[in-house]
Amino acid sequence: NAGVMQNPRHLVRRRGQEARLRCSPMKGHSHVYWYRQLPEEGLKFMVYLQKENIIDESGMPKERFSAEFPKEGPSILRIQQVVRGDSAAYFCASSPSADNYGYTFGSGTRLTVV
Amino acid sequence: GEDVEQSLFLSVREGDSSVINCTYTDSSSTYLYWYKQEPGAGLQLLTYIFSNMDMKQDQRLTVLLNKKDKHLSLRIADTQTGDSAIYFCAERDNTDKLIFGTGTRLQVFP
Numbered sequence: 165n166a167g168v169m170q171n172p173r174h175l176v177r178r179r180g181q182e183a184r185l186r187c188s189p190m191k192g193h194s195h196v197y198w199y200r201q202l203p204e205e206g207l208k209f210m211v212y213l214q215k216e217n218i219i220d221e222s223g224m225p226k227e228r229f230s231a232e233f234p235k236e237g238p239s240i241l242r243i244q245q246v247v248r249g250d251s252a253a254y255f256c257a258s259s260p261s262a263d264n265y266g267y268t269f270g271s272g273t274r275l276t277v278v
Numbered sequence: 042g043e044d045v046e047q048s049l050f051l052s053v054r055e056g057d058s059s060v061i062n063c064t065y066t067d068s069s070s071t072y073l074y075w076y077k078q079e080p081g082a083g084l085q086l087l088t089y090i091f092s093n094m095d096m097k098q099d100q101r102l103t104v105l106l107n108k109k110d111k112h113l114s115l116r117i118a119d120t121q122t123g124d125s126a127i128y129f130c131a132e133r134d135n136t137d138k139l140i141f142g143t144g145t146r147l148q149v150f151p
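Chains as they are written, first to last, in the working numbering: chain A, 165 to 278; chain B, 42 to 151.
Hints are all accurate, no fakes.
To be clear about the criterion: a stretch of chain B counts as covered by chain A if any three or more of its residues have a C-beta under 8 Å from a C-beta of chain A, and this derived list gives those stretches: (1) 82–88; (2) 135–149.
EDC-like cross-link-like pairs, simulated, lysine to aspartate or glutamate; straight-line CA separation at most 20 Å: (3) A:K208 to B:E46; (4) B:K77 to A:E205; (5) A:K215 to A:E236; (6) A:K215 to B:D137.
Because the hints were derived from the structure by calculation, they are not lab data. The model shown is predicted, which means the values in this text are computed figures rather than measured ones. We treat Cβ as the ideally placed atom computed from N, Cα and C, and that holds for glycine.
Put together the whole structure using the sequences plus the hints.
This is how it looks when you write it as structure tokens:
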């Protein structure tokens with residue numbers, strides 16, 4: 165049973181380009197969470213999704229950021245017109261239900277904006 | 042708002058015990074967690090404790106929870122160089138989000 169898979173592991177984008185980060189949850193997990201870790205900081209919640217639904221996006225910046233978790237395929241975190249301040253590690257976690265005690269984290273995507 | 046605080050650094054000698062402390066503010070937290078992050082890696086769940094428990098032990102790890110003071114600690118017995126990493130405390134709030142502390146960097150020296 166593979167863990168939470170994130171790709172790419174490293175992503176370099178020029179300012180103004182788009183970044184697409186993918187997350188495949190563990191088999192049987194229908195809840196996905198995205199977190200961002202800025203250098204030398206803890207993880208900050210961005211968005212919580214279930215299949216085809218956004219449950220909580222209170223941590224998402226209002227502009228340029230969007231997330232989806234379609235019926236088929238991975239969850240996607242999309243950042244349009246990236247800026248240097250978007251450089252960070254983006255982690256995805258999944259759980260089988262909202263009541264489950266534990267989240268499993270992926271290895272993250274490290275985005276560098278040049 | 043919710044806040045989780047940790048000290049930034051801890052340095053211990055190999056073989057000694059390490060104690061990493063954490064304070065949180067949300068009294069409605071259901072679960073509290075300790076995660077370990079090695080350089081360039083993701084987060085590994087070490088252990089968790091339900092909010093109605095005082096203590097949980099798992100091999101070298103002991104978690105103590107003082108709900109009255111909203112204080113959580115992680116004790117690592119017989120600390121090894123492989124334990125060097127950043128340790129994050131996290132609380133699960135009533136909307137199922139995890140609120141993380143800023144992490145404690147543990148350095149183990151011979």
